[in-house]
Amino acid sequence: MDPISLIETAKQFFDGQGALANAAGIVSFIGGGAIAAWKISAYVLQRVSTKKFNSISEWALAKYGNNGGLLTEKLRQSIRISFVDDNLADLPEAYIRSLKYDLTTFDHISLADISILERFDVVVLDITNVVPEDMRNGGLEIIKRLKSLPTPPLVIAVSQKKYDPTVSNFFKLADAVLKKPVKEAELEAALNRLLITLVTPNGLAKSIDTLLDTYVISENDRKNLNGQLIKALETNGKIMPEFENIKPISNRINNLLQRFYRFSVCYV
Amino acid sequence: MNLIDAFESGAIAIPWAVSIDGKYFPSSTGRDAPMHCITDCNDKYCQNPGGTLLGHQCTVGFTYYHGKVGEAIIILFGTLGSKGWESVDTGIRQKNKDDLKGRSVSARDFSSWLEKLKSLNKLFVDYKNNILSEALHPLHETPKIAEEIRNLADSLVNLKPGKTFDERFSAALPAERGIYKGAQLLVDSFDMLSIFFNPESAKLGEKRIAEPYKLIHKLVLLLSNSNNGLTRRRPKIYGESYKKYLALESFRIIPLALLNNAIKYSMTEEVIIDVRDVDNGTLFSLVSTGPYISEEECGRIFERGFRGKYAQSIDRDGMGIGLYVAREAAIANRTTIKVVSEDLGYSLKSIPMARNTFSFVVRDVV
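Heads up: the protein sequence lines correspond to chains C and R, in order.
So the first sequence is residues 0 to 267, counted in our numbering.
So the second sequence is residues 30 to 395, counted in our numbering.
Quick caveat, the hints were computed from the structure, so don't treat them as lab data.
Since the model is a prediction, treat every value here as computed from it, not as a measurement.
Ideal Cβ positions, reconstructed from N, Cα and C, are used throughout, including at glycine.
Mixed in with the good hints, there may be bad ones.
[Said to hold, decoys possible] Okay, derived cross-link-like pairs now, DSS-like style, lysine-lysine, Cα gap no bigger than 30 Å in a straight line:
1) R:Lys367 to C:Lys182
2) R:Lys367 to R:Lys265
3) C:Lys146 to R:Lys232
[Claimed, not checked] Quick look at which bits of chain R chain C covers, simulated, 3 or more residues with Cβ under 8 Å:
4) 169-177
5) 233-240
[What the hints assert, rightly or not] For each label pair, taking beta carbons as the anchor points, the in silico distance ranges come out as:
6) R:Gly334 to C:Arg192: 34 to 40 Å
7) R:Leu149 to C:Asp133: 24 to 30 Å
8) C:Ser249 to R:Ser133: 50 to 56 Å
9) C:Thr213 to R:Pro190: 49 to 55 Å
10) R:Glu196 to C:Thr213: 45 to 51 Å
11) R:Asp138 to C:Ser114: 47 to 53 Å
12) R:Pro78 to C:Arg192: 40 to 46 Å
13) R:Phe226 to C:Gly236: 45 to 51 Å
Using the sequences and the hints, build the whole thing.
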């Protein structure tokens with residue numbers, strides 16, 4: 000059959016079909032191709048991921064380089080920090096702004112409004128004179144509520160009340176404790192220490208590895224899981240890993256994955 | 030108010046005669062422990078450490094229990110335990126028949142009494158802490174002000190010419206040096222008081238790099254600075270150390286408190302500090318000549334509020350804070366302070382003299 004008669008035959012065929020059927024035919028043809036391409040790429044990706052990398056950290060380092068372990072300016076811009084202190088002059092507000100962190104300050108906060116603080120990544124919190132309902136130790140109530148959330152913000156306790164045994168929990172629940180007045184370098188060092196493992200791609204990858212290390216599974220299952228997790232990270236969660244083998248820590252892994260999806264865009 | 034005070038008041042019922050921190054209490058109904066335990070027994074095996082809540086038998090077959098409420102050790106001894114009469118030596122059994130009435134105490138009986146005591150003790154502790162919290166609340170801004178003055182004094186000294194802190198400190202005016210020293214000691218005092226009132230606080234704060242040799246050098250420089258121009262007793266530093274460690278903020282308190290203690294109680298001019306790197310860390314030793322510390326006292330001088338036999342006559346104002354705080358800071362920084370007192374065989378102002386060495390090994394806190 001020559002080309003002209005081939006087109007003629009095709010035309011006759013399509014003419015004999017309804018418009019909807021035509022559309023379906025075209026879509027299924029294109030869709031089939033796309034699915035095939037996606038399957039092939041996923042297969043290739045899986046081969047590369049599982050074969051090449053022994054850990055999530057190795058993969059992250061290969062993808063993001065050393066830069067992936069740094070709190071870059073773009074990343075800092077997306078980190079939400081709040082200062083909660085009746086005397087904001089005790090905290091290096093201008094310095095934290097100069098580092099381009101997304102900073103909000105509160106000189107007091109009512110118990111009814113504590114949920115406002117849930118959206119922050121880091122809360123720098125004083126204990127005294129910050130909650131009108133409990134001027135003496137209101138900060139303790141704030142930290143208790145924040146730390147009971149499924150994904151609590153990091154809290155840096157800033158207070159000189161370390162002498163008071165009745166508020167020991169305020170300091171124990173905090174991720175870091177700093178003296179007042181807070182020095183620029185000390186707050187920056189505390190932020191670096193806390194944030195690197197929870198916001199940078201390399202740090203988060205290491206956190207995932209460390210968490211998996213605490214959970215005993217067979218070497219083979221671990222390899223498979225590594226491959227699946229890398230796939231999830233590569234696709235921003237479009238391909239989700241199987242958590243069957245690691246159910247008890249799945250929530251914590253998932254939390255780290257979500258953080259990764261959110262912050263890794265700052266490194267593109 | 031503590032447990033012993035409560036028992037002494039007679040208001041709290043004691044079901045069986047017991048000993049609390051070595052002090053004997055008969056039961057509330059007036060019954061004593063078996064006569065054998067009180068007068069005849071020589072080995073007092075039941076009073077040795079190592080007893081448990083489960084109960085153990087002594088040499089004559091009585092059962093004794095140990096329990097802890099807060100810091101107090103409670104020992105219930107001379108009971109029949111779960112095995113009853115059978116396990117007790119026949120002669121002793123006959124002799125103490127009457128005393129043993131009502132002393133069939135099982136581990137469960139003892140534990141349930143202990144739980145009640147713990148609840149009571151918690152009430153005492155909470156009450157004391159609440160009073161403390163209220164009383165100290167007006168002072169919560171004061172440590173911050175001290176910190177601010179110290180930071181300003183630090184800037185003053187740093188404006189002076191010199192490459193090292195030593196050089197800049199020496200170049201400062203006597204008044205500036207005085208302000209720096211005063212402000213630093215004020216900050217240190219608040220840190221020590223924080224640990225004294227709330228020992229848990231020694232564990233708080235960020236971990237930092239500590240260089241033992243530099244820290245000791247700075248402390249000596251500061252403590253030997255005198256505002257009136259007279260030379261104070263200046264400790265001599267020996268040894269070599271180049272190691273660095275990750276330590277808590279409270280680490281500084283350990284050598285500071287020990288040094289203050291040595292300077293305060295040294296009866297001669299010489300206070301020697303030796304800092305040297307050893308296999309597993311850096312060994313800090315402080316040697317001075319002062320009142321002899323008996324073996325019993327060596328175990329107790331680190332207790333809160335405890336003062337040695339001769340401490341009172343040398344320093345009336347001491348309150349037994351320094352060494353207690355040093356021990357808490359040492360525990361937080363994962364080390365132990367050792368003390369050795371070697372009798373020198375002579376007395377000064379009727380106080381027997383000894384070569385006293387306080388030492389600890391610096392290690393990483395993680």
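Results of checking the hints against the structure:
At most 30 Å may separate the alpha-carbon atoms for a hinted pair to count; Lys367 (chain R) and Lys182 (chain C) exceed this at roughly 36 Å. Taking the CA atoms of Lys367 (chain R) and Lys265 (chain R), the gap is near 20 Å; set against the 30 Å cutoff, the hint holds. A distance of roughly 20 Å separates the Cα atoms of Lys146 (chain C) and Lys232 (chain R); the hinted pair therefore holds under the 30 Å criterion. Only residues whose C-beta sits within less than 8 Å of a C-beta in chain C count toward coverage, and the segment 169-177 of chain R has 7 of them, enough to reach three; the restraint holds.
Check on the segment 233-240 of chain R: 3 of its residues sit with their Cβ under 8 Å from a Cβ of chain C, so the three-residue criterion for coverage holds. Between Gly334 (chain R) and Arg192 (chain C) the Cβ separation comes to about 37 Å, which falls inside the hinted range of 34 to 40 Å. Roughly 28 Å separates the CB atoms of Leu149 (chain R) and Asp133 (chain C), a value that falls within the hinted 24 to 30 Å. The hint said 50 to 56 Å for the Cβ distance between Ser249 (chain C) and Ser133 (chain R), and at roughly 53 Å that hint holds.
Checked against the hint of 49 to 55 Å, the C-beta distance between Thr213 (chain C) and Pro190 (chain R) comes to roughly 54 Å, which is consistent with it. Restraint check, Glu196 (chain R) to Thr213 (chain C): a C-beta distance of roughly 50 Å satisfies the suggested window 45 to 51 Å. For Asp138 (chain R) and Ser114 (chain C), the Cβ-Cβ distance of about 50 Å falls inside the hinted range of 47 to 53 Å, so the restraint holds. For Pro78 (chain R) and Arg192 (chain C), the Cβ-Cβ distance of about 41 Å falls inside the hinted range of 40 to 46 Å, so the restraint holds.
A hinted range of 45 to 51 Å for the beta carbons of Phe226 (chain R) and Gly236 (chain C) is consistent with their spacing of about 49 Å.
Violated hints amount to a single one, hint 1; each of the other numbered hints is respected by the structure.
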